[in-house]
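Protein chains in written order, with our numbering: chain A, 1372 to 1622; chain B, 1372 to 1622; chain C, 1372 to 1622; chain D, 1372 to 1622; chain E, 1372 to 1622; chain F, 1372 to 1622.
Fair warning: there could be bad hints in the mix.
Unchecked claim - One side only, chain E facing chain D, incomplete, derived with CB under 7 Å:
(1) Gln1542
(2) Lys1549
(3) Pro1550
(4) Asp1551
(5) Gln1590
(6) Thr1592
Just so you know, the hints here were simulated from the structure itself, not pulled from any lab data. Since the model is a prediction, treat every value here as computed from it, not as a measurement. Built from N, CA and C at the ideal position, the CB exists for glycine as well.
Here is what each chain is made of, one letter per residue.
Protein chains: 6
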Amino acid sequence: MAQTPPSLLVVSAHAGDFVWRAGGAIAAAAQRGDRATVVCLSYGERGESASQWLAGKPLDEIKQIRRAEAQAAADALGAEIEFLDLGDYPLLESPEAVQRLVDVYRRVRPTVVLTHPLADPYNGDHPAAARMALQARVLAQAIGVANSDGSYPTKDDIIGAPPVFFFEPHQPEQSDFKPDLLLDITEAFPRKKAAMECLPAQKHMWEYYTSLAVRRGVQLTRNAGPNLGLPHETMGEAYMRYYPQVTSVLE
Amino acid sequence: MAQTPPSLLVVSAHAGDFVWRAGGAIAAAAQRGDRATVVCLSYGERGESASQWLAGKPLDEIKQIRRAEAQAAADALGAEIEFLDLGDYPLLESPEAVQRLVDVYRRVRPTVVLTHPLADPYNGDHPAAARMALQARVLAQAIGVANSDGSYPTKDDIIGAPPVFFFEPHQPEQSDFKPDLLLDITEAFPRKKAAMECLPAQKHMWEYYTSLAVRRGVQLTRNAGPNLGLPHETMGEAYMRYYPQVTSVLE
Amino acid sequence: MAQTPPSLLVVSAHAGDFVWRAGGAIAAAAQRGDRATVVCLSYGERGESASQWLAGKPLDEIKQIRRAEAQAAADALGAEIEFLDLGDYPLLESPEAVQRLVDVYRRVRPTVVLTHPLADPYNGDHPAAARMALQARVLAQAIGVANSDGSYPTKDDIIGAPPVFFFEPHQPEQSDFKPDLLLDITEAFPRKKAAMECLPAQKHMWEYYTSLAVRRGVQLTRNAGPNLGLPHETMGEAYMRYYPQVTSVLE
Amino acid sequence: MAQTPPSLLVVSAHAGDFVWRAGGAIAAAAQRGDRATVVCLSYGERGESASQWLAGKPLDEIKQIRRAEAQAAADALGAEIEFLDLGDYPLLESPEAVQRLVDVYRRVRPTVVLTHPLADPYNGDHPAAARMALQARVLAQAIGVANSDGSYPTKDDIIGAPPVFFFEPHQPEQSDFKPDLLLDITEAFPRKKAAMECLPAQKHMWEYYTSLAVRRGVQLTRNAGPNLGLPHETMGEAYMRYYPQVTSVLE
Amino acid sequence: MAQTPPSLLVVSAHAGDFVWRAGGAIAAAAQRGDRATVVCLSYGERGESASQWLAGKPLDEIKQIRRAEAQAAADALGAEIEFLDLGDYPLLESPEAVQRLVDVYRRVRPTVVLTHPLADPYNGDHPAAARMALQARVLAQAIGVANSDGSYPTKDDIIGAPPVFFFEPHQPEQSDFKPDLLLDITEAFPRKKAAMECLPAQKHMWEYYTSLAVRRGVQLTRNAGPNLGLPHETMGEAYMRYYPQVTSVLE
Amino acid sequence: MAQTPPSLLVVSAHAGDFVWRAGGAIAAAAQRGDRATVVCLSYGERGESASQWLAGKPLDEIKQIRRAEAQAAADALGAEIEFLDLGDYPLLESPEAVQRLVDVYRRVRPTVVLTHPLADPYNGDHPAAARMALQARVLAQAIGVANSDGSYPTKDDIIGAPPVFFFEPHQPEQSDFKPDLLLDITEAFPRKKAAMECLPAQKHMWEYYTSLAVRRGVQLTRNAGPNLGLPHETMGEAYMRYYPQVTSVLE
């Protein structure tokens, strides 16, 4: 059977989320030569751009700034990026938005999907993004669900069922986030750092997410089993699986 | 760093448990050439040998019968087997029993551990076995915890932190068992079938666990992602992780 | 006080769901002479009709095929069936759809309600159907909630609070489904089998749900208490209660 | 098949627990002519007899007082009562205590078992009693588990698998108690009242548990379905099931 | 830093909810001299006004009656009250309704927010109210989210992050309500009683919620720690926190 | 009523636990002039002293070293410290150990208790310590539970019911730890730092727990409500409540 080539799809509510929470996974995929695609549902123009609003900038300019930053960060990670411009605060769910994501799934043909977890008491846009990403993933598998242009997919157009990983929210315990998987991002971390530095308005986050990567790295070495011989400077990112893992080897 | 060679350790409350619940994982490991070791804490002589008791056999003979069956099943799977003979119904937890398991861990040096989940409303011996297996795993890592003979381990004697998987209980939902991982045991299934046939007193279980393998296989293909191209006759076993997975690739 | 005559209402997202998951309960009710009504919110025309789409059939024809199959299955079970034709993949929630269900509740006057559980990572239509079924059940009890034609109900038109049972989803553990109740469907099973055979496009499901009935039957006998004297060939279906049971005898 | 005659077994940590929490269920069983047996694991002599200690009474006299009160309450309910005198605060778990409960199960042959829930942050004796009651219930089913006198049971001596209900703890939400079942005890309530009045040292509890019965009764009528026509003065007790219900009719 | 003056905001789905569930907290705040504001999203005109419908009153008159009662109850508690008149049964969520709540938050500047918990199997309007209250609370903090009139807030107009407490639903265990906090309302109770008596159509609730206050008061004294020296007649209300408490003293 | 003077009791499985996890709370209490008492159940001589074992030191010397370090750390925090020397890896639960803790509770008369949470997959000694601390707290309240010397307490000797807080484990999400309360330890942090520096063998932990205090501080300011005006350099510790909070003001 023909293998689908590796393809990582990241569905991000706002322009910066994919950098802080999944930058390591994205960069690692790109470094391995895998395709990596980020979809930003909004620019985070209302809810995550306080400094620009305080500086008196108008809405359109803020959206341009956030878009340029996200583009630069995606470049630093080695990923493609698309912007759906659905608006934020609130990010409204709609059949039309889900349909656009169905088109993305069928075009990108992801072998791995990353998105927000389903709970976040601090930001309702994050679960809304996750619900749309999950619904579109199911719809894109169905041959009876049309594309945006009204045409129907062929058997080759529909997708399989890629695994979904939730990336770590800002306040994990309050968001019912319990890591199922600790990802070694040591080699990818310089790219993640470069991407974070594309987001100058949130400079205090650079240190915060570096420190988190160290902490997840410490846990990673503690959970790493008998052999891995991981060095002390291991950096990590935490993920939750939404579906059970499928494998032919327990490890 | 020197790699620990692959070594699977299975801690089973009674003589038959490892066959029904983890026979596929054990056989698959053996087929790959990995070491596989089963530790039976008891023979299941009181709680899982009703037909022998009804036939009027004495306790010692029942234990011999169960031991011989378990030995044959382990042979069929390609695994070594040890018997701690701690008694069942109830399987009592004790520091001495845990110490014996510490010795096993240090000798076997597992890279993967399988045991029962921590809840089972139908059989208290199963969680008791899991608690001892988990406690011994932690103690065996400590250089300050002596061996059974009173000697202290060297730095090379203590073990790392192998991942632990809970195998599927007989009534999964009642035991808070939710699969985190579906293992493809298609190639290993003939060995599992041969091992089940070493346990003639529970003939009705042969069909039951074959049917379960089919069902877990169906779920496995449904969760298998875009590429795997799994055939319809896929057989599976379900597992829960007790610790987060550690990896350098999301898949 | 006048007794409401027994009346079973089943709210099903797609045309086939009620057969696989609740066919035994429906047939058993009909065999006892109770009224049984199935409401299909959609035909499953997009999400559960892959073989027809692959055969190149147009949407309307697929809907007709699914409708005819569901009608035949309901006949085999002994149930009435209604189709709301709300569309699937996605099944959209709306006040209008809920209002139509309010009318159904007031007309059918159910003494027992069956529907999907509130979580299903594999199919978002199922929880959407459950949410609408539950909301309509509450609204139909209120004398201040009008009927679809704008008229207000009398005291006799509104309904009481029938118990709700969730039937078993395709992947129970992933859908947070833990059985609260195991239903003996041994006598009803031939009708369920006949109903399943009205759905020829999903022939592999016949065996799957027969095997599940056997497994739930085995669990049923294991949980059946000291007296029931259930034979080995007992067939079962599993259900979750959404509200506490009310009874005057513990049993 | 010969029916086991109805027999209710209540395992109570202290001398008063069965009255407050399950007095309605016990009296209702007795009123129906069923056998009802209470086993008090301790007299509650240390932890629930503060007024006697304050009055300067010695331990033995306190035990006699509590025993006489519990005997009178059991008489008022129509139940037999046995005292294992295992000590309280703490109630220690031991293989010997479990063995004595195995004997009780085989003698009483319960068709329904009531005991404490498995969590109680306010009183560790309650979960300890529940763990022993549950373990003994499993052991009593095994033909390979001997009686206290060393003899082995025959096929007719072992018991089936009676359903287990947890009765309501004093602080339900803190003890993870969520009612699965609301029991109508309206007719039995006068006997429960009489039994409560056998416990004069806890007079304030009479009103507390009367008020609770009213509240559970209100919930019962709200959850009672379309027919039951329950009067406003319905009294109730709440229970949780530990095992799934088995039935041939959904109701 | 300038302190925000104490200001309690209560978001209530229907006209009576705030009285039964949070009347003590509201009265206590008013008695301390704090500002207290209730927002009723609907009058409960359809779902909680059965006696008026039975008396044949038209919709508008019922809304007037409920409004007058709620106004009187708020007066008795010492609170301001606003009515959004969004309709009930069902209370529909919409961006417009959330926007109106954003305006309320920015005007009232709450230091504490009370609302319904996020689950209620008996009444879907309650969770809908909570979801809107929580979403508006987040949006009102963002400088990029406009006011209803299209103007943008200044830095001084946006709010901080007030703690949110869920008040107790009518059937707490079924609604996943587990008290995190027990509030002493002994001194405020006379006002709560007076407010309850402003709702004559639900006279049976007066006794019900008085009895609940006694029960929560008993639990309060049992959990009150070594010093509080609470009298037996303590009255209480139970609350759940949605966010972690922030403090500089453990107590 | 006479107030119990503030008294903080910390029950720690090993000699270092109280420093890393609760050092801020202890120092803050001492700084306010409250009594603070730490009870170390073991020295952590086997499980948390790897470097000493590697250096070839004998057991007794290791215990002395750990004791001296813990004494110095307690001094730095301003707390008294007691050592029960129960042994670690495993820390065995026993009635005798619980009795010794009962004596401590009656002597120290805590108004706040801190201990480990009830789950920790990485270290079974921690939950064992928590179970004993919780059991002793209940027993110490009972007038019928004797002291270690066999004498019975008077009414004045028994204690009230102090609140219990679980401090943060090393891998919080894996230990089902979700913060209910964020404690501001900014002023106390220099003392905590000094105490950490008394534990030279775990130097890498100094940075780790400083970084954690920063992170919990960031979350604290994010959850701090509208007024607190907390500076950016706020340091925090996270806690879970085991019992509901009791208060007369919502805040």
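Status of the hints after comparison with the structure:
1. Proximity of glutamine 1542 of chain E to chain D holds as hinted, the smallest CB-CB distance being about 6 Å (cut-off 7 Å).
2. For lysine 1549 of chain E, the interface hint holds, the least distance from its beta-carbon to any beta-carbon of chain D being 4 Å, beneath 7 Å.
3. Annotation: interface hint on proline 1550 of chain E holds; nearest CB of chain D at approximately 6 Å, less than 7 Å.
4. Violation of the interface hint for aspartate 1551 of chain E is found here, the shortest Cβ-Cβ separation to chain D being roughly 10 Å, above the 7 Å cut-off.
5. Using the Cβ-Cβ criterion of 7 Å, the hint placing glutamine 1590 of chain E at the interface with chain D is satisfied: the shortest such distance is roughly 6 Å.
6. Taken as an interface hint, threonine 1592 of chain E does not check out: its beta carbon lies about 12 Å from the nearest beta carbon of chain D, beyond 7 Å.
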